[in-house]
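Letter by letter, the chains look like this.
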Amino acid sequence: MKTKEYICVLCPNSCTVTVVFGNEGIEEISGHGCERGREWAEDEVVRPRRYFVGSVTVRNGDFETVSVKTSDFIPLEKAKSIGLHTHTLCVEAPVRMYQVIERDILGLKGVDLIATREVHRKNGA
Amino acid sequence: MKAQDFSYDVIIAGGGVVGCAIARELSRLDLNTALLEKEPDVGWGASCRNSGVVHAGYNNTPGTLMAKFCVEGNQGFEVLCAELDVPYKKVGKLVVADGPDEVPALERLKAQGETNGVRGLEMIDGDRVRELEPHLEHAYAAMYSPNSAITSPYLLTIALAENALANGVDIFLNSGVERIDRTPSASTAGGPEGIREGFIVKAGGREFRTRILINSAGVNSAELSRLAGVDLYTIYPCRGEYYVLDTYAGELVQHLVYPVPKPGSGGLGIHLTPTVDGNILIGPSNEYIESAEDYSVTAPVMKTLSEEARSYMPQLNGGFYIRSFAGMRAKQTPPEKGGYFDYVIKEEETCPGLINLVGIESPGLTASAPIARYVSGIVRNIVERSGREVCGKPDFILKRTAPVRFAEQDDEVKAKLIAGDPDYGEIICRCEQITKKEIRQAIENPLGARSLNSIKYRSRAMMGRCQGGYCTQRILQILRDEYGIMPEEIELGKNGSWVLSGGRCDVT
Amino acid sequence: MTKRHMTDRKDCVIIGGGAAGLAAAAACRENGIEDILLIERGEVLGGILNQCIHDGFGLHKFSETLTGPEYAQRYIDMITSRGIPVLLNSMVTGLSPDKVLTVINRGGLHRIQARSVILAMGSRERTRGAIGIPGSRGAGIFTAGVAQNLINMKNFMTGRRVIILGSGDIGLIMARRLTLEGAKVLMVLEKLPYPSGLPRNINQCLRDFDIPLHLRRTVSYIHGGGHLTGVDIAPIGDNGEIQPDRAEYMECDSLLLSVGLIPENELSRQAGVQLDPVTGGAVVDEYGQTSVPGIFSCGNVLQIHDLVDNVSLEGEALALGVKRYLEAGKLAEPGIKVFPGQNIRYCLPQHLSGQAPAVISFRPSVPGKLHTIIFSQNGKILRKKSLLKINPAEMERIELDSALLESGSPLQVELVPGRLQS
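Residue numbers (the working numbering), protein chains in the order written: chain A, 1 to 125; chain B, 1 to 508; chain C, 1 to 422.
Hints were generated in silico from the structure; no laboratory data involved.
Among the hints, a few may not be true.
[Stated by the list, open to error] Incomplete in silico selection of chain C near chain B, CB under 10 Å:
id, residue
1, Arg41
2, Asn89
3, Ser96
4, Pro97
5, Lys99
6, Glu125
7, Met153
8, Gly159
9, Gly182
10, His227
11, Gln274
12, Pro277
13, Thr279
14, Lys369
[To be verified] Listed below are the simulated DSS-like cross-link pairs for lysine-lysine, each with C-alpha atoms no more than 27 Å apart in a straight line:
id, chain 1, residue 1, chain 2, residue 2
15, B, Lys68, B, Lys494
16, B, Lys90, B, Lys68
17, B, Lys202, B, Lys399
18, A, Lys2, C, Lys389
19, C, Lys384, C, Lys323
20, C, Lys380, A, Lys78
21, C, Lys389, C, Lys369
22, C, Lys337, B, Lys494
23, A, Lys4, A, Lys80
24, C, Lys369, C, Lys99
25, B, Lys110, B, Lys337
26, B, Lys68, B, Lys346
27, A, Lys4, C, Lys337
28, C, Lys389, A, Lys4
29, B, Lys416, B, Lys68
30, C, Lys323, C, Lys337
31, B, Lys68, B, Lys110
32, B, Lys416, C, Lys99
33, B, Lys89, B, Lys68
34, C, Lys99, A, Lys2
35, C, Lys337, C, Lys380
36, A, Lys80, C, Lys184
Ideal Cβ positions, reconstructed from N, Cα and C, are used throughout, including at glycine.
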């Protein structure tokens, strides 16, 4: 039987949620302040999910890169591959806030890679 | 005036302050001269790793070359710096006695100085010390040396090299001497009749020929001499570590402040040295080590430096420290002896045409111009021995101008500079107020040195309290975007000191 | 950047267009201060938020988790919609005690006489040189923020095998960032017996990627002449002494330092602003006014923050004081000195007048579980609050009803273990 403590990231309460689990699955969850937090903690044990954040190269922009994030959670185990995948991407300026850089990133249906800033076109470009 | 077949009358091996001073001095004459430097820039040995002090000359044994050249160098230094547009401040030095038992040592120093021809030395009491330096609470008395001064040793080395270059000396960086052979003079281009032998020097992938070889290789001078077949010398590397203090501490010390020297220690003791840029240096320490290339700083020494500094002046606390560095003395005296031997500056009888400079430690910076004149005299003798006349160049360019230091100008001048070139309006180094214009000038320097340290020494960027925290990324971007230098090609200093592993997207 | 910004008089000049300056500017305009100028040295507003591409910002302020650039954009939109004049690419190089600013940009050198000034210049990172790590000074050593800028903003990569010294948030964030960009982060070292960064970051930056965190460890020696080749990692004894003879060597080609931020108060010094040696920032009253009347301070230049939401709150709170100052020509004298007591590393403001709402921000000096924060004057408790846990890495902000304050008596602030019974 393992016990793990997680600090929930869903809201400012930052509840410390304790999950007791074994080979048969989750035994007990306690410490959560709401139902969303309980579900989140469950996911943390079974299939942790995160937002991915990274950068994508911009062509002809007043910035070299545009910061990006996924539009939804992705499986934690895919994070590194998405990181390396961004090395193959390039977007032409101008870039709008929340512009979709790539749909269904790495085959994850419904999860897009979106810009988290605007990038203007470089002067004279 | 590059000799296409790399044949010269004189080759200087070693581009420190002395080698560059010799290059400048020889560039006054109608000789083909080249300077070889093993590092990617001049001055990266002891020349950029010292206190920058222009010593008055009371600390050297009378009758030695050290004493003679120090006093002569000190007296001519202001003019030299004016010619080369290099900073110079005559701040004066206090050699401080903590109690009456140290006063006789001060009096001996004063007497020695006067014997050497040093002017203005004065014994002063504790109260007068505190008029000059209010924070020296424990000072009992001092010897005051009004002619002791400070300069920027790396800017001086660079200035000497640039002036030598402008006057026709060929400068080869990344050209450490690998091999020296002798050759009959018939194969040396432009060689005069009568001298039987010259040198073939392999360096930096080239084969150079020269009749006269000057060894100004500093801590490597014994080794270079051995390569030339003269195995007479041993150099014992003796490392000195320093702390650099924030310019906020600069107001605490206005003069050079030294303790009374303890004889036999091989060094001058730990000093407080203001720099021309407003920092304070604490150090150097004194440690004989194995490797001449080990410029590491060490925990025990850093602890000693900070404790000793605080014992002079409790206000010098760790919050002011911004950096440590180390330099290497080229000592001829072994650890068990300590102390000094006099400079060896001579043409070797067993190897005519080889002029060795061995053991040029402190006061080498101060003595650099007189040493250069002395060596120039030796060179003239050698050339004239063969029946050839040596003349001065009528078009010798005496003055060299440095790029304008924006931060030092008043507001009106700053406004004019920006109006003339908007790159002066873009501040890249926040701490030292260094502009994009100065960064570009540093990158585009006449010697073609391109490392970050080369930019740092010339512009002063990255030398402030944030140590490159704001400007490094901007300078790297400028190098890539405006000069087309690939990220992995950019080096911090020495060859192989890559700064970036590549572009972000290069990782697969 | 047009000519009309080069006026020589302004009611309120804000130095720094990062999180603090943006919030202060927006709030000042909202509170009716018309004649404002926001001066920023970078090409865009947002300051350090531009390179903080990770999320976790805005949980308190906007009840969402935003990335740094998104958080900055919320405020940039306020600046734009309120028509607040901004000078970009402009460095303030001088600030005199009578509030004359010298500003330099490609357009020239400009002088501005301000009636009030808000200092929002942020901070710089503590460097290798300042903490005196022995060894060589080869290439490959960066402070974490510089590495962050190089990777996120300039598209460079700094190294392949990385060791991070310091478990502060920047170091933790970079551990994850480097891993996601394909580098191997070998470990994070922390000299204290507990991590310095937020627990959320320990989880999402280290645990998620199996990056070990070694407490009570530091780098005792750096190897490599031209470029870093490896480091000696030494334990730290109970007395806080580094034990280099028990060090172990670890090969690496990149060392990132996350060893603290220092408020960048050079302009404040020029203006004669009194600084607090513990915070590194200005001594202020509850208005955020410094020892120089009309000069205010907020954000990292005042005290190093861990949550940008608090930076915004601190910046916004200045609007009241600036407005009162501009109307009245001065603010009430701060006669109540604030004394940080048991378990408090520092608290701000350092003194109060009692004439305005006060928010006391403080940091505990040790981590712990249940504690009670007590504000008292002359032994009389004015306010107490239970805190379930305390952590030096997490700043606390507690409101104090200024009506309760007695003028002339010092205010004691202490953090007492357990729950205090009334």
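Which hint numbers doesn't this structure obey? 3, 4, 5, 11, 13, 14, 15, 17, 19, 20, 22, 24, 27, 29 and 34
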